[in-house]
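Asks: Chains H and P supply the protein sequences, listed in that same order.
Residues in the first sequence are numbered consecutively from 454, following this note's numbering.
Residues in the second sequence are numbered consecutively from 454, following this note's numbering.
It is possible that part of the hints are untrue.
Note: identical chains are not told apart, hence a pair may lie in one copy or across any two.
Computed list of lysine-lysine pairs in DSS-like fashion (alpha-carbon distance at most 25 Å, straight line) [said to hold, decoys possible]:
#, residue 1, residue 2
1, K514, K479
2, K542, K514
3, K736, K782
4, K840, K643
By construction, these hints were calculated from the structure, which means they are not laboratory data.
Spelled out from the first residue to the last, the chains are:
Protein chains: 2
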Amino acid sequence: MKRGLVVQKFGGSSVANVQRIQNVAKRVAGYRKKGYDLVVVVSALGDTTDELIALSERINKNPSEREMDMLLSTGEQASSALLAMAIHKLGYDAISLTGAQVGIITDMQHTKAKIVNISADKIKEELKNGKIVIVAGFQGMTPNHDITTLGRGGSDLTAVALAKTLNADICEIYTDVNGVYTADPRIEPKAKKLSSITFDEMLEMASLGAQVMQSRSIEVAKKFNVTIHVRSSFNKKPGTIICKEVKRMEEFVISGVTLNKNEAKITICNVPDKPGLAAKIFKEVSGGGINVDMIVQNVSHTRQTDISFTVNRSQAVKAVRLTKKIAQKVGAGLVLKDEDIARISIVGVGMKSHPGVAARMFEALAKHGINIEMISTSDISISCIIKKRFGEKAVRALHSKFGLS
Amino acid sequence: MKRGLVVQKFGGSSVANVQRIQNVAKRVAGYRKKGYDLVVVVSALGDTTDELIALSERINKNPSEREMDMLLSTGEQASSALLAMAIHKLGYDAISLTGAQVGIITDMQHTKAKIVNISADKIKEELKNGKIVIVAGFQGMTPNHDITTLGRGGSDLTAVALAKTLNADICEIYTDVNGVYTADPRIEPKAKKLSSITFDEMLEMASLGAQVMQSRSIEVAKKFNVTIHVRSSFNKKPGTIICKEVKRMEEFVISGVTLNKNEAKITICNVPDKPGLAAKIFKEVSGGGINVDMIVQNVSHTRQTDISFTVNRSQAVKAVRLTKKIAQKVGAGLVLKDEDIARISIVGVGMKSHPGVAARMFEALAKHGINIEMISTSDISISCIIKKRFGEKAVRALHSKFGLS
Chain H
454 MKRGLVVQKF GGSSVANVQR IQNVAKRVAG YRKKGYDLVV VVSALGDTTD
504 ELIALSERIN KNPSEREMDM LLSTGEQASS ALLAMAIHKL GYDAISLTGA
554 QVGIITDMQH TKAKIVNISA DKIKEELKNG KIVIVAGFQG MTPNHDITTL
604 GRGGSDLTAV ALAKTLNADI CEIYTDVNGV YTADPRIEPK AKKLSSITFD
654 EMLEMASLGA QVMQSRSIEV AKKFNVTIHV RSSFNKKPGT IICKEVKRME
704 EFVISGVTLN KNEAKITICN VPDKPGLAAK IFKEVSGGGI NVDMIVQNVS
754 HTRQTDISFT VNRSQAVKAV RLTKKIAQKV GAGLVLKDED IARISIVGVG
804 MKSHPGVAAR MFEALAKHGI NIEMISTSDI SISCIIKKRF GEKAVRALHS
854 KFGLS
Chain P
454 MKRGLVVQKF GGSSVANVQR IQNVAKRVAG YRKKGYDLVV VVSALGDTTD
504 ELIALSERIN KNPSEREMDM LLSTGEQASS ALLAMAIHKL GYDAISLTGA
554 QVGIITDMQH TKAKIVNISA DKIKEELKNG KIVIVAGFQG MTPNHDITTL
604 GRGGSDLTAV ALAKTLNADI CEIYTDVNGV YTADPRIEPK AKKLSSITFD
654 EMLEMASLGA QVMQSRSIEV AKKFNVTIHV RSSFNKKPGT IICKEVKRME
704 EFVISGVTLN KNEAKITICN VPDKPGLAAK IFKEVSGGGI NVDMIVQNVS
754 HTRQTDISFT VNRSQAVKAV RLTKKIAQKV GAGLVLKDED IARISIVGVG
804 MKSHPGVAAR MFEALAKHGI NIEMISTSDI SISCIIKKRF GEKAVRALHS
854 KFGLS
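Same shape as in the complex, but just chain H (with noise of 0.2 Å):
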């Protein structure tokens, strides 16, 4: 009996041993002895990447970047035929492709590929030939045949875009964790597992902190409305399902909370309240290559006004160099850096039809004796710096007032 069509990623936790492997065939072979076609996409074994990383750096700090993909791709090639040999040993028909042998054709920034098109004729012949497919995650060719990766989150960029280029009925990403979390389970320990999210929803977890999937793979999946199920390999609970549209019951406004402790924040004091200035200020700093997040500037009643913006902890260095440059250029006085700082933030697409969130979130907060250094929102989530001590006690704080404890 003919099910339909799933596309599973399994990561390299759920991959990094003998046992594992032949855990994940047993799952795969449960699928398809209830009827379903199968494409299986695998990241490399374990370590495997960071170790081949490790050995081309004793050979060469600097290492072309085309040939770091050469190197890299053969650990999602090795894993692929390891699943495949898995599968067969359980009785069941299996084939492995690489990204160049699907057809998975990418522009030409190695190490960080973008996918341009997929030839899925290849996958559809061996399905039909009643095949389970196993593709190499990861990686990619460009049209001139050189092989390529997807950079970080690229097994489940290759899940995605092919449960979409192959109109999967679902794209199943295995991971080490049950599912997405009303809170980090190590910080909240009532935080519980969300059976349901949207997609934007989860980009706003995921850009702000939370490590189930990459920002990446859910904008492709939500571009294209590709429906994931991001569930554990290590149990057969259900876990999260990501998609458009979620009903949930009504008392729910907010779907998470989440902690950032990995940012900075940098303030340009006394910037001359003129027209054009911020855009100046942070094209300087974002053509040096650093990704900005929040920006807080506070409406000024003198002449001039303080600009508050917040970066990854690994770029603050560099962001402050860029920011003493331009403010010397504009007439701004001193840049400060803060890195005593955490991001509190809560998500839900309730928020829209629940007036009083944000002063709920900001009481709840008070309550605690902790005070808010910055404030930013979006239409579905409502972000506030404060001091990095704080941090864990205003997720619990926040999870127990938004009832979802």
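Chain P: place on chain H using the hints.
Replies: Chain P in isolation, oriented as in the chain H frame:
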């Protein structure tokens, strides 16, 4: 200054670790500096192939050969990328290519594919761009884009085939020995390195137990007259040139003495002396996938004869089973197996023009009390089966007798 095109092949032991890869890069760069165009074929790092095989066996003891090729081909892909990085580090331009990217098209016999065509366009283009081209050895692809491997000695074959296709000036095979010796130096310390040897002699040497290169690559080199230079990757001494014709001092009648202790002798007693029986017997044996080496049948004075042949010891049990079956069918007598044998051979084109070589060989063996059980001769070699324990003694006796020491 353009000097010509050199194809170089480095085996697994030559690239077993970072330091050795760097040494190979230095050697390649040295040739480049002198003005040569270079195509460099590499094997997988050290024991990578064996490790991948062991890993696959833990997953499936009887793995699909297609998937095995998918798995094993990653080893050479990785080493070719690493060598390119090491060459970049020295300031030279290099690019690595897989067998598929080169356009090495093979038949569909996975794990032992035969090359059917090489499109050298991509290599020529990269050479024209001034690049050192690194090619992953041992692999190709079917017209259907499946990855294949070429079996034992496959990287040598890649190098020889590329040298032919590109019309290279020479094909250098780097290995862990200094070249081809008149005998195994571990047995005969007086053995000398040959400065040159003909394809035919090398073929006899290879098939008779010299471990330097596989017969298969020599056959291709002979067919297309590709001159080979076998030499060590651990020093700069010249090795042994393998070519069509060799000009030698007249006194060397033979080029080398080889010993093979991996054979077993099988004898069928009392075979009726009727035409066509030998054909029947060997059709049965070879039909079972057994490679028969020497065959000896004596003229009989009765109506019956004994037929003896040798096979690789690993195939002896199966060969005996098949032989017993056919012996019964044709009305022959007992089938005997003897594993206590060694094959001692002398090889040399010189014996064509020197009568009495065989007699001198038998004389030398007799003088040392070594009994001969079987004799077989070709145009340029004479082989004797003797008791295994006399093997080393026979090598030294013949090495001295023919003035090689």
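Asks: Against each hint, give a clear statement of whether it holds in the structure.
Replies: So, going through the hints one by one against the coordinates:
{"no.": "1", "hint": "K514 with K479", "result": "between (41 Å within a copy, 17 Å between copies)"}
{"no.": "2", "hint": "K542 with K514", "result": "between (41 Å within a copy, 9 Å between copies)"}
{"no.": "3", "hint": "K736 with K782", "result": "within (13 Å within a copy, 91 Å between copies)"}
{"no.": "4", "hint": "K840 with K643", "result": "within (23 Å within a copy, 80 Å between copies)"}
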